[in-house]
Amino acid sequence: MNDTEDLTLPLVMNHSEDVEEIKPQGRPIVDINYVFNTIKSISHPFGCTFKNFIFTHEVRNGCISSFYFKCNFCNQKDVIHSEEPANTFNTNTAMVTSTVNTGQG
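Residues in the sequence shown are numbered consecutively from 14, following this note's numbering.
These are computed hints drawn from the structure, not numbers from a lab. Computed from a predicted structure; not experimentally measured. For glycine and all other residues, C-beta sits at the position ideal for the given N, C-alpha and C. Every clue listed holds true.
In silico DSSO-like cross-links for lysine-lysine, where the CA-CA straight-line distance does not exceed 30 Å: (1) K36 x K64; (2) K36 x K53; (3) K64 x K90; (4) K64 x K53.
What follows is a set of in silico ranges between Cβ atoms, one per label pair, in the way DEER data are often shown: (5) T112 x D44: 14 to 22 Å; (6) A107 x E71: 15 to 23 Å; (7) F59 x S111: 43 to 51 Å; (8) K53 x N100: 17 to 25 Å; (9) I67 x V113: 39 to 47 Å; (10) N46 x N114: 22 to 30 Å; (11) F59 x T115: 48 to 56 Å; (12) N100 x H57: 21 to 29 Å.
All chains, please: the whole structure from these sequences, using the hints.
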């Protein structure tokens, strides 16, 4: 055994086992371009990918959804919205406007 072997430590990352993955329900309306770009822009410190994400829950505000994920490698939490949150003419506004304009509401 040489001197460098004494100094090496095994790199062991504990995967998070305490998060239960749930299956999304329903058929949310999404801006697919925004969702894909959001997924591509997520960066984790250990180079984790979307395959490491565990879907934990969804929060709905009318027809707008926010999908919550936790990385099973680095435990970082991320939220992916169904559309740009800063969009003033969002899905909820569009639904109400179309209902009123067609005389249904």
